[in-house]
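Colleague: Here are the chains, one letter per residue:
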Amino acid sequence: MTQTNEDLLDDDLIEHAPVKEELRRRLVKGPDGVEFEVEPLRDYYCEAPPTVMPAAYSKIIEGLFNWARAESLWILGFGTGCGAIEMRPLMTPRFDAYRYGIQWRPTPRQSNLFVISGYLSVKTLKRVIRSYEQMPNPKYVVGLGSCTINGGMYFDSYNTITRLDEYLPVDVYITGCMPRPEALLAGFEELKRIVRAGKGEGANQYAERFDWYKANQKRVIHDWDMPDYNW
Amino acid sequence: MSFEWIKIPYALLTLFIVANYGFLLTAVMAKIAARVGRRHGIPVWQNYLDLIKNYGLRSSITHGVMFYMGPVFRLTGGVGLLMFVPTLYGTEMFSNMSFAGDLILALYFVFFGSLGMALGAGESGHPYSAIGVTRGLSQVTAAELPFALAVYAVAVQYQTLSVTEIVAAQQGGILQWTLFTNPIAVAAAMLSFLGTMMRPPFDVVLAPQEIPIGPPTEYHSSYLALMQTNRAIFPIAKIVIYMNLFFGGAASWPAFFLKVFLIYLVSVIVGVVFPRFRVEQSIRWFLIWAVPLGVIAIMIA
Amino acid sequence: MLRELYEQLKGRFPLGELSEKRPDLAFITLPREQLRPVLLHLRDQEGFTHLVLLTAVDWIEDDRFQLTYLLHDRQGARDIGLRVMLSRQAVIEGAPMESIHDLWPTAATYQRELREMFGIDFPDSPGVNEDFILEGWREIPPYRRDFDTLKYSNETFAPRPGRESQDPAQHMKAQLYPDGA
Ligand code: SF4
Numbered sequence: 001m002t003q004t005n006e007d008l009l010d011d012d013l014i015e016h017a018p019v020k021e022e023l024r025r026r027l028v029k030g031p032d033g034v035e036f037e038v039e040p041l042r043d044y045y046c047e048a049p050p051t052v053m054p055a056a057y058s059k060i061i062e063g064l065f066n067w068a069r070a071e072s073l074w075i076l077g078f079g080t081g082c083g084a085i086e087m088r089p090l091m092t093p094r095f096d097a098y099r100y101g102i103q104w105r106p107t108p109r110q111s112n113l114f115v116i117s118g119y120l121s122v123k124t125l126k127r128v129i130r131s132y133e134q135m136p137n138p139k140y141v142v143g144l145g146s147c148t149i150n151g152g153m154y155f156d157s158y159n160t161i162t163r164l165d166e167y168l169p170v171d172v173y174i175t176g177c178m179p180r181p182e183a184l185l186a187g188f189e190e191l192k193r194i195v196r197a198g199k200g201e202g203a204n205q206y207a208e209r210f211d212w213y214k215a216n217q218k219r220v221i222h223d224w225d226m227p228d229y230n231w
Numbered sequence: 232m233s234f235e236w237i238k239i240p241y242a243l244l245t246l247f248i249v250a251n252y253g254f255l256l257t258a259v260m261a262k263i264a265a266r267v268g269r270r271h272g273i274p275v276w277q278n279y280l281d282l283i284k285n286y287g288l289r290s291s292i293t294h295g296v297m298f299y300m301g302p303v304f305r306l307t308g309g310v311g312l313l314m315f316v317p318t319l320y321g322t323e324m325f326s327n328m329s330f331a332g333d334l335i336l337a338l339y340f341v342f343f344g345s346l347g348m349a350l351g352a353g354e355s356g357h358p359y360s361a362i363g364v365t366r367g368l369s370q371v372t373a374a375e376l377p378f379a380l381a382v383y384a385v386a387v388q389y390q391t392l393s394v395t396e397i398v399a400a401q402q403g404g405i406l407q408w409t410l411f412t413n414p415i416a417v418a419a420a421m422l423s424f425l426g427t428m429m430r431p432p433f434d435v436v437l438a439p440q441e442i443p444i445g446p447p448t449e450y451h452s453s454y455l456a457l458m459q460t461n462r463a464i465f466p467i468a469k470i471v472i473y474m475n476l477f478f479g480g481a482a483s484w485p486a487f488f489l490k491v492f493l494i495y496l497v498s499v500i501v502g503v504v505f506p507r508f509r510v511e512q513s514i515r516w517f518l519i520w521a522v523p524l525g526v527i528a529i530m531i532a
Numbered sequence: 533m534l535r536e537l538y539e540q541l542k543g544r545f546p547l548g549e550l551s552e553k554r555p556d557l558a559f560i561t562l563p564r565e566q567l568r569p570v571l572l573h574l575r576d577q578e579g580f581t582h583l584v585l586l587t588a589v590d591w592i593e594d595d596r597f598q599l600t601y602l603l604h605d606r607q608g609a610r611d612i613g614l615r616v617m618l619s620r621q622a623v624i625e626g627a628p629m630e631s632i633h634d635l636w637p638t639a640a641t642y643q644r645e646l647r648e649m650f651g652i653d654f655p656d657s658p659g660v661n662e663d664f665i666l667e668g669w670r671e672i673p674p675y676r677r678d679f680d681t682l683k684y685s686n687e688t689f690a691p692r693p694g695r696e697s698q699d700p701a702q703h704m705k706a707q708l709y710p711d712g713a
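Chains as they are written, first to last, in our numbering: chain A, 1 to 231; chain B, 232 to 532; chain C, 533 to 713.
Note that these hints are calculated values from the structure, not bench results.
Backbone N, C-alpha and C define an ideal beta-carbon position, used for all residues, glycine too.
Just to be clear, a hint being listed does not mean it is correct.
Claimed, not checked - To be clear about the criterion: a stretch of chain B counts as covered by chain A if any three or more of its residues have a C-beta under 8 Å from a C-beta of chain A, and this derived list gives those stretches:
no., stretch
1, 262 to 270
2, 451 to 461
As the list claims (entries may be wrong) - If you anchor each label on the Cβ, the simulated ranges turn out as follows:
no., chain 1, residue 1, chain 2, residue 2, range
3, C, 607, A, 218, 27 to 37 Å
4, C, 710, A, 94, 52 to 62 Å
5, B, 485, A, 177, 51 to 61 Å
6, C, 672, A, 177, 54 to 64 Å
7, B, 248, C, 668, 37 to 47 Å
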């Protein structure tokens, strides 16, 4: 962690990391005429760092949970690159992913699988991190396409990251440019195997190596104008 | 009439049966809708998996007391509705807590869940929740109106406010059903039924494909699981009321399952055929088509 | 067709050369002072009511930035592009360019992009200094040809070791004709 939230708000640092106007500390006058101070970064987010969440005490129960988690993958509907287009056929009669217990949810709070569908620009990475951190604990990340693996055809681009696992813990990569829906289904099956074996612990890994991930993220996101952890 | 304690385990048994039936039935209905689109659809046990998964999520956060209470109220609405109407007519075991004026109470419970949801979702502070709640409440209100009118028409027709007595009056052949003795009221109520089942064409409030999923935007893990349970119980409970009021009730579990299935199927069939209405469209639709029917039903009765 | 238009225009404005690409597409190079009058004339008299795009080319060898204003005439189904050459050195030192957002409001967006990607400044254009696509960019504008994207990417984005790149032509040749025939 290079800067804490505290430093970010220090006035002399604002020049280096400009905090957007609407995120600065300011006085607000309520409708009843009372003035109060608002500090958006502190008031609107819960910024406690993530903790490692233990599995259920009993092996059997954890096994049951893992089985249910594997069979009920809810994907966050967030398309980042070309790959988002390959997710649509999965919902339609031809490939019909619903029969494998895969669903798309519109809000990060209800999803447990984040499919990074292709190249990830730095600007999108910021939103991806925020969404990822809002998902509830056992959560999985699938990297789709060569862009997430080694940059793909955007390996020399000035604003797309080249390696997803530097920034988020990735469970499964699906190769191809673009992977066909069949490949996606195979990838989801692979993910199910991992989850069922109890190895889908990306969220805990993220919590354990939080500082490392944050440092990597901050190295590429220059205008970091959010708390370190948004939950 | 003294209260018999044995009613409580009986009621819990009813609840258990209905909840499981609800889980399976919603999955089967999803499958039917999927088959219409030439998909395989979800496995029938998918609801159970989702439920276990959601209970199994390790982290959950809250936005305050009302955030907790939202799903609880919601579930209370569903369970309460079920408890205060006789599930099976004529059996001591499954008549639950029905009593003389239960019709009004049932109507109240139909609305109770939505209000609780509104409070809880409001507390979550997410703008999409607020949008969803306003849209949901306005649509549900418009949809409940014809139902309320139809219920009063039926109450006037049978001169009673007790669901049990209404069912009793409908025994003795299919032609005794309200469906045939008071078709206009039933028509109004069925239109309203389409609106409150949260299936297309009136599901814009909750449809997961809509960008703001609506009231439950912020709900996750156990909260969501609680709401899922309610999503299984509530439609069945509502259908039970319809069945009792308009379709002669049910005297045994097989008859119950069959009738509930068929009534549910009505909304599914309508749902797969029609595209989704926007909120203001559906409100207008209810006010133009369903409410006048209800008014006519009352005037005739 | 467009040649006629060019001849007509030439009678009124001092223009540079014409380059015809298709019967319905041609580009005219013109001095910077003539840009606004010609745009106005084309828009109001000749029916070129639609600004298709405004973009730039970095001719680093000639020390020039070329701005291209592409206009479309719906009625006549023809396009015309106006090219304006700016001195690259002057632009880098901060020389401003006139904004045309009062002729087409959409131009403001293009100008914001040019400002961010090439560093061409349009001081009058609304919101031109806000971030457009990049957030928190610290280097020279990335579309300038003296910006080495590969080097930047390698230094910033932790490339995965083991990746190799091939020249597609060579690679396919080796694949298809292994014995070099
Ligand atoms: S891997 Fe190919 S298809 Fe996928 S995002 Fe990259 S360029 Fe697009």
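Colleague: Tell me the hint numbers this structure goes against, listed in increasing order.
Modeller: Hints 3, 4, 6 and 7 are the ones this structure does not satisfy, whereas the remaining hints hold.
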